[in-house]
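> Going down the list, the sequences are from chains H, Y and F. For reference, each letter of the first sequence is one residue, going 1 to 257 in the working numbering. For reference, each letter of the second sequence is one residue, going 258 to 683 in the working numbering. For reference, each letter of the third sequence is one residue, going 684 to 864 in the working numbering.
Careful, some of the hints might be misleading.
[Unchecked claim] Keeping only pairs whose Cα atoms sit at most 30 angstroms apart, straight-line, the calculated BS3-like set for lysine-lysine is:
#1 H/Lys183 with H/Lys56
#2 Y/Lys429 with Y/Lys463
#3 Y/Lys493 with Y/Lys537
#4 Y/Lys351 with Y/Lys603
#5 Y/Lys351 with H/Lys159
#6 H/Lys183 with Y/Lys429
[Claimed, not checked] Residues on chain F that point at chain H, a partial pick, calculated with CB under 7 angstroms:
#7 Ala783
#8 Pro838
#9 Ile845
#10 Gly846
#11 Gly847
#12 Glu848
[Claimed, not checked] Over the 12 angstroms line for every Cβ pair with chain F, so calculated as not near, a few chain H residues:
#13 Asp30
#14 Glu40
#15 Ser48
#16 Ala100
#17 Met118
#18 Gly169
#19 Ala176
Bear in mind the hints are in silico, worked out from the structure with no lab data behind them. Ideal Cβ positions, reconstructed from N, Cα and C, are used throughout, including at glycine.
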Amino acid sequence: MRREKLRRLSPLSEPGSPEHLRVRQLRARDLLRGDLDDDELTEHVEQSVMTTTLDKVLRWGASNSMFPMTFGLACCAIEMMAMVTSRYDIARFGAEAFRASPRQADFIILSGRVSIKMAPVVRRVYDQMLEPRWAISMGACSSSGGMFANYAVVQGADKFMPVDIHIPGCPPRPEALLYGFTKLQRAIMGNPDQGWRRRYNAIGTEEWARDDVIAGQPSEASEAAYGRARQVVARTVESTGPEGAGGGEGPRGAGFG
Amino acid sequence: MPTGGGGDTPADLPAETAATVVGSSPIERTEAGAAAGAEQELMTVNMGPHHPATHGVLRLLVSLQGEVVIDLKPIIGYLHTGIEKSCEDQSYWKVIPFVERMDYLSYFSNMQAYCGAVETLLELELPPRAQYLRVIHLELNRIHSHLVWLGTSALDLGAISMFWYCFRERDKILDLFEMSSGQRMHTRYFQVGGVFEDIPAGFERKVREFCADMVVRLEQYRALLDRNEIFLRRTKGVGIVSRERLLELGVTGPLLRAAGEPWDLRRAQPDLCYADLDFKIPVGTVGDGYDRYRVRLQEMRESVRIIEQCLDGLPEGPFVADDRKVVLPPRDELSISMEALIHHFKLVTEGFRVPPGEAYYPVESPRGELGAFVLADGSAKPARVHIRDPSFVHMQALREMCVGGYIADLISNLAMLDPILGGVDR
Amino acid sequence: MPDSPGLELIAGELRDAHPDSVLATYHEHDQACLIVDPEQVLDVLRWLRDTPGQRYDFLSSLHGVDYLPAAPRFGVVYELLNRDRVERLRVRAALPDPAANGDGADALPAIDSCVELFPTAEFHEREVYDFFGIVFRGHPDLRRILLPEVYVGWPHRRDFPIGGEPVIFTHDERIVPGWTE
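Could you build all of it, start to finish, from the sequences and the hints given here?
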């Protein structure tokens, strides 16, 4: 069972018969002896080495060793601290090393309401962070102003800085923050599918499917993507998958997974 | 440089220190420049608003002479949320979630202060069970607040393991809050006239388990910190301000009690059922950081005792006052009683009206006297809600604690002051 | 809390010591309040603090109130406390609005600062100045405290708009074209 899965995943085009396997074994022996050269060597390398782009490896590495910034604003900061503790343990996802300096941090969690007096400070701290950098807006206040629709609070931190993930809640539970963080990881890794839409038969409910509205009308691309996604749901053809439903056509940063 | 306060400016100690600094400096100075050189040694350091040890978004302008703090100015307001203004736009029962978010570690105290003020204006009597339930939650909240303080303060002073232990217990308390109200933080469990809902089955047993556990844990915390040489050196004899000066500065709560003044509103001006309960008020002797730590640790122990007494004496009966003009009718009455439906509709759409008047209602929050001033103009919305937050007042005492000491002690003082910036800026 | 006759006794003695200082008294919900002349508020506070038998020497809170439709528009409220008898007394200085008296729209009400009597009042008075634009004469460092120093307006006055933005829901997407901009 396991071997079969591995074989399916392997880059070799042919899973291979016993004879084919025998040929590969012999060729590997020749390689070790140094008898292989030129075309044969090239062919062997192409068949047996899994190639990937450096970009992908970098993104995989980056997403699994994120340094958050120690930046607490209000109530959510306490829940952010709780995320580090033993019960929630963000170290499982490789983001337990909180950095006090923005220069060393990879992402910032806006944990709380951003007042008009604090907004320039937040923006400056964000500007001091090195690229690539990400921002999570935690809780209702920093996402939209929340319940504080008044003179003192900026109505959503994305008014003055880019935000990648919004986490609802007042304050969000640490689990919610963890979920948001794993979403961010997916986003960094190039937006791979998390798989739950397929499990829950929810393909077509992506936010990007109805995004980039211009003057009340969805754009052609998103309309087409939305229609395709709906078709997928209607047909419930499993083989189509999220890629067939227009994955990658949505704008970057909107709706992951 | 020194501003405000009217306190004695610490001229003696820093001048001497500056002299030694200048004398030992490799840079030769002329006779005329030496006097001016002492002045030039001053260095202003900006600390915050983004600084991991300021417990939030506090900004401090610190004037240093070498390592000695000459002057310190807190600059606050980076978390100003305009909650008091927002409250004027909400009906009375919708204000409760707003005031909770002021001092975000002692949300039950905020609720109690505000609800108490409104109940004073309405002259509403609480049923005994509601009072006991409130006290149970207030004291759990006190333990919770002190645990977060202990964890983060010990973290500031270099004892990181305390952080993990304290947050472990804190999560247990939040589980209890979640059990009774459905939320971890900002529960909105209190409402005008009582509490939102009765405690669920099994809550009492869980609280008792927690209390039994907490007593052991407190001993462990003490064992971890009381023999810790670094912790002792950084807290003992640091940040002493005399009792008289603290009172002039309006400081209350554990800070004042650590200086030897047994002033606790739970005892001095008891509300709810505090008069029926037997608890001690821990006081310190000299009022340094170590005393503050011991007072708070002992307060947690006393809170556990209060909770156990409340559970023992928890009376049966309604958990909310029986006043249909203020309190939502029970759910089962809605289907059989027209009046209940009308009351429900009126309360949910408009809210209840409060007769004109003003009231100030102080409670003893984990940080000191937390008072709510509510001005009612007869409508369904308050005309003014003001919270006197202890952190806001205590921030003035920080200067007196730190001036003349080393900058490293500033971190220790700030940790032992326990300011909550949500309460400072509101 | 001084009871109702006790409050009248205090008011009577205050009137003897400082004529015309007490404008009115009221006692409701077990809370006593003296409404005083803003020009004499320092005398009143000093008398309440220092007179033997009164000794209201702890200032719990100081805050501003805007009673907009009422005639003396502003109030600066001092919550005093005697810790020995555990008695609280509220002193309210009734401040008229100079802008309404024809002193120009930018005229600010002014009152004496009580920082010398109660050092704790420093932050409180700055907060009241910040929110209501009430100037405290003799305050050592009267600047805005919570809002940015460049802020214009006195946000906690009743005629100041609350601000913020109306909430737009996703179902308005088709009804209100272009709301996302």
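> All the hints need checking, so say for each whether the structure fits it.
Quick rundown of the hints versus the structure:
1. With a C-alpha separation of about 17 angstroms, the suggested pair lysine 183 of chain H and lysine 56 of chain H falls inside the 30 angstroms cut-off, and the hint holds.
2. Taking the CA atoms of lysine 429 of chain Y and lysine 463 of chain Y, the gap is about 10 angstroms. The hint holds against a cut of 30 angstroms.
3. Between the alpha carbons of lysine 493 of chain Y and lysine 537 of chain Y the distance comes to roughly 24 angstroms, so the proposed pair stays at or under 30 angstroms and holds.
4. For a cut-off of 30 angstroms, the pair hint linking lysine 351 of chain Y to lysine 603 of chain Y stands: about 14 angstroms separates their Cα positions.
5. Under the criterion of a C-alpha separation no larger than 30 angstroms, the hint pairing lysine 351 of chain Y with lysine 159 of chain H is consistent with the structure, at around 28 angstroms.
6. Distance restraint check for lysine 183 of chain H and lysine 429 of chain Y: the Cα-Cα separation of roughly 28 angstroms lies within the 30 angstroms cut-off, and the hinted pair is therefore satisfied.
7. Because the smallest distance between the Cβ of alanine 783 of chain F and any Cβ of chain H comes to about 23 angstroms, over 7 angstroms, the interface hint for this residue is violated.
8. Nearest Cβ of chain H to the Cβ of proline 838 of chain F: about 5 angstroms, under the 7 angstroms cut. The hint holds.
9. The beta carbon of isoleucine 845 of chain F comes within 5 angstroms of a beta carbon in chain H, closer than 7 angstroms, and the hint placing it at the interface holds.
10. Nearest Cβ of chain H to the Cβ of glycine 846 of chain F: about 3 angstroms, under the 7 angstroms cut. The hint holds.
11. Because the beta carbon of glycine 847 of chain F sits about 3 angstroms from the nearest beta carbon in chain H, less than 7 angstroms, this interface hint is met.
12. Taking 7 angstroms as the C-beta cut-off, the interface hint given for glutamate 848 of chain F holds, the closest approach to chain H being about 5 angstroms.
13. Consistency note on aspartate 30 of chain H: stated as away from chain F, and its beta-carbon is indeed over 12 angstroms from all of that chain's, at 63 angstroms minimum.
14. Non-interface status of glutamate 40 of chain H relative to chain F is upheld: no Cβ of that chain comes within 12 angstroms, the nearest being about 59 angstroms off.
15. Serine 48 of chain H, annotated as away from the interface, keeps every beta carbon of chain F farther than 12 angstroms; the closest lies near 51 angstroms.
16. Non-interface status of alanine 100 of chain H relative to chain F is upheld: no Cβ of that chain comes within 12 angstroms, the nearest being about 25 angstroms off.
17. At roughly 10 angstroms from the closest C-beta of chain F, the C-beta of methionine 118 of chain H falls inside 12 angstroms, breaking its exclusion from the interface.
18. Non-interface call for glycine 169 of chain H relative to chain F: holds, since the shortest CB-CB distance, roughly 17 angstroms, exceeds 12 angstroms.
19. Distance to chain F confirms alanine 176 of chain H as a non-interface residue, since its nearest Cβ pair spans about 20 angstroms, more than 12 angstroms.
Consistency with the previously given hints fails for numbers 7, 17, ordered from lowest to highest.
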